[in-house]
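Protein chains: 2
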Amino acid sequence: MAGSSVLTSRADDFPRWYQDVLAKAELADNGPVRGTMVIRPYGFAIWERMQAEIDQRIKSLGVSNAYFPLFIPESFLHKEAEHVEGFSPELAVVTHGGGKKLEEPVVVRPTSETVVNWYFAKWIQGHRDLPMLLNQWANVVRWELRPRLFLRTTEFLWQEGHTAHATASEARSFALRVLGDVYRDFMVEVLAIPVLTGRKTALERFAGAETTWTCEAMMGDGKALQMGTSHELGQNFARAFDITFLDETGAQSFVWQTSWGSTTRLVGALVMAHGDDAGLRLPPRLAPVQTVVLVVRAEEGTAEAALTLADELAGAGVRVETDVRVDVSFGRRVVDWELKGVPVRVELGPRDLAEGTAVVVRRLRGEKRTVRLREVAGAVRAALEDDQAELLLEATDFRTSRTTACTSVADAVEAAAEGFATLPVEVLGADGEAEANRAGVSVRCLINPDGGPPAGEEPGEPQVAVLARAY
Amino acid sequence: MAGSSVLTSRADDFPRWYQDVLAKAELADNGPVRGTMVIRPYGFAIWERMQAEIDQRIKSLGVSNAYFPLFIPESFLHKEAEHVEGFSPELAVVTHGGGKKLEEPVVVRPTSETVVNWYFAKWIQGHRDLPMLLNQWANVVRWELRPRLFLRTTEFLWQEGHTAHATASEARSFALRVLGDVYRDFMVEVLAIPVLTGRKTALERFAGAETTWTCEAMMGDGKALQMGTSHELGQNFARAFDITFLDETGAQSFVWQTSWGSTTRLVGALVMAHGDDAGLRLPPRLAPVQTVVLVVRAEEGTAEAALTLADELAGAGVRVETDVRVDVSFGRRVVDWELKGVPVRVELGPRDLAEGTAVVVRRLRGEKRTVRLREVAGAVRAALEDDQAELLLEATDFRTSRTTACTSVADAVEAAAEGFATLPVEVLGADGEAEANRAGVSVRCLINPDGGPPAGEEPGEPQVAVLARAY
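If you're matching them up, the sequences are chains A and B in order. Residue 25 in the working numbering sits at position 9 of the first sequence, with consecutive numbering throughout. Residue 57 in the working numbering sits at position 41 of the second sequence, with consecutive numbering throughout.
Excised from the complex, chain A in its bound form (with noise of 0.2 Å):
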């Protein structure tokens, strides 16, 4: 393929190959302080691209955007138990506001269900108050020691969600809602990424939650990356912050809470899961750009078809871009589209014009095609709808292919060298996590056989450990 000469492969170096990719498409740079990232323009497009997808389906289900402040006071922090214990190595701190010192130093949010919870406690009264469903795009700090661009920087941008019910049930029902309606949702009809939804082990459960539910993927390497969680809080913070309503009998009650998050690091999951030797290959309905139109060289008249062209297809609901850069090598203006990971290429030259034709390129396959100018439009719309297909079915048979049944955790850990491995719950047993933690192989979630609960449903007792490596 024409791009593969920029690029380390995958095959020689995946983690180095990863980060080719970032600065030859010009996705990310490394922040001046160490662990931060600075997200360059297209990187931010596929981002924005993300934020639409999610928020759309965040709202869908109700929930409210809102914004909480970035400082909380330190003792906030404290209120909860297990929340500080799993937060405090990570916190930045502000000690100096103004040019004085501060009397009480404030923290970085690293997560921010401290200070939502505060304010819950100050407007839920009654049940005509519940559910409160609040969602927040913003930035959040944790200190990061071995930080890598998009997968754990610390500064990443994320949503985060907070919401209170009346009941347990109710609480674990949205839980599940969003794992399902929003995350998994998003992933697979969006990102073409499969992913595995299931609970975390009490190890890998969030600071303060009393149950995690993840989504799972495989990058192309086969290691695992968690993809966004779900947290049903039970009353942990509702006794922490006092948060407590006037039931319809008028009894006086705490609430049952969940919060949930997904972040940036989604970008990093899309460069790993669908990239290849030429670059990214994006899937067509999180694309910015779906498709370019190719100007070949300067020739009369070449430039002003190809604005028609580039006018039809936008009117035709794809998005477009024109590249008229005919003072740039033609080779090297594809190699960067490649690397660009966009799905369809109309290429226009000279003679395809004289013929009324254009060639359509698809990026997935190499595939190229003499079209009708007047077809144009058809072609990229149907190469964009296999494409999105095509990029799910290739993931989901990579990840089959690499998921291997193991009855022993010593077999669970080999065969996680080369994907997921899956162990029934009870061979895994109380020590099990504990040896494959040691040899470096953790457990994803438990799951039941058929991939996950459905969204909303009440799932059954998990029966199946996925375990892997993972980012």
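Don't take every hint at face value.
Given that identical chains are not distinguished, each listed pair holds provided it fits within a single copy or across any two copies.
Think about it this way: if two alpha-carbon atoms lie no more than 25 Å apart in a straight line, the pair counts; the simulated SDA-like pairs of lysine to any residue are [claimed, not checked]: (1) Lys-40 - Ser-80; (2) Lys-239 - Ala-426; (3) Lys-116 - Ser-91; (4) Lys-117 - Val-100; (5) Lys-75 - Asn-155; (6) Lys-116 - Glu-442; (7) Lys-117 - Glu-442; (8) Lys-95 - Glu-391; (9) Lys-138 - Val-387; (10) Lys-95 - Val-387.
Since the hints were made in silico from the structure, they are not lab data. All values reported here derive from a predicted model rather than from experimental measurement.
Given chain A, put chain B in place with the hints provided.
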């Protein structure tokens, strides 16, 4: 008006009225750390609408969104002398991260010129890389001693644009396009707030800029509010960060730059420019909810009819909500929707339904009209259009009535007790600004008599100073 009793009246105590509106309309709350703010769902929905409108205008100028880190090495700020002098007193400083004292403290960004320009130096090599046009939506922190919700908060949300150009005239022209085509257009056409666009005096200029352009509006108490600024940075940051490019002749030159921002302060502006003693009055183009369909009381079929009507309005492109909370008194709900400033209420009672009609009530005039059900959508759309124009007209008339042409600094200071005072620039003179400042009056901007430079046009030397008391 129905809502008048729940708020302090504007005439009695404007600042208290402002606080009351924010609380009762559930726009915002004070944060737990002094000076910070919680933006509640309704306040945030207003901000999201502002973001969408501003973002679209920014992108139409060819600007791409990106994201730069929250944390900036302290040393970066010292690279531009005026910049560090301006911002040092307001900085929040992180001294500890991940449980350890940091070797170099990092500041929480008060604005991002320094970090953006560090990358511009890396990304810009030749004239083909110019213009470089970036924007980010982010939170920033400036330690605030006299905080006021939305208007002056320690943390606020904003967009900040940063651009680099090959020539001074391109940079100036871009700064003026932002001022006119993004800010003024949005403020006048969407917020229905008339703004003066003009140049800041040296005293009021952004720290590090050569010229600061501003949009200034009059609030309901006659005071001025700075609504957005666009800066010509000249080559100040280019020299500090060594941002050079090879021009077409092969010569190495420093770039010419702009930066520009608008913030959550705009929500405060909206409250103070249009609010009345019953609460907010939102311009229809901005309103997250343009129309609410209210069921007067529980009655067979009324709720269903309201939902049908709401569907029809949504189909006609109206942002609509349905209020079927018949367990809350009708009067209280009306007060509530008036507080929230929703432009049009459609009231549906049993008698209306029997007669196939509904009552359409305009927030602006309190005017009620009984309309046949099939004509409701048309009546609502007409009311929304009228209100948009009427709010702008009202605010413009108010500003005119509170603007006094003065001939001396002393006169101007006196006139500024009521509103804007205009004064020929040559009368203001070198000492006039200091004299006015001592009396609590500032020079908001220098304008041409027509109100400011047209978008993208080279402005002549301003001849008139506008003085006012300001937020």
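Hint check:
1. Taking identical chains as interchangeable, the C-alpha atoms of Lys-40 and Ser-80 lie at most 25 Å apart only when they sit on different chains, with a minimum of 18 Å there against 38 Å within one chain.
2. Proximity of Lys-239 to Ala-426 under the C-alpha cut-off of 25 Å is restricted to the intra-copy arrangement: shortest distance 18 Å within a copy versus 74 Å between copies.
3. With identical chains, the CA atoms of Lys-116 and Ser-91 are at most 25 Å apart both within one copy (20 Å) and between copies (19 Å).
4. For the homomeric pair Lys-117 and Val-100, the shortest alpha-carbon distances inside one copy (23 Å) and between copies (19 Å) are both at most 25 Å.
5. Proximity of Lys-75 to Asn-155 under the C-alpha cut-off of 25 Å is found in both arrangements, the shortest distances being 20 Å within a copy and 23 Å between copies.
6. Neither within a single protomer nor between protomers do Lys-116 and Glu-442 lie at most 25 Å apart by alpha-carbon distance, with minima of 57 Å and 42 Å respectively.
7. Taking CA atoms no more than 25 Å apart as the test, Lys-117 paired with Glu-442 passes in neither setting, with 55 Å inside one copy and 45 Å between copies.
8. Proximity of Lys-95 to Glu-391 under the C-alpha cut-off of 25 Å is found in neither arrangement, the shortest distances being 64 Å within a copy and 56 Å between copies.
9. In this assembly of identical chains, the alpha carbons of Lys-138 and Val-387 never lie at most 25 Å apart, being 63 Å within a copy and 42 Å across copies at closest.
10. In this homomeric assembly, Lys-95 and Val-387 never come within 25 Å of each other (Cα to Cα): the closest approach is 65 Å inside a single copy and 56 Å across copies.
Of the numbered hints given earlier, the model fails hints 6, 7, 8, 9, 10; all others are met.
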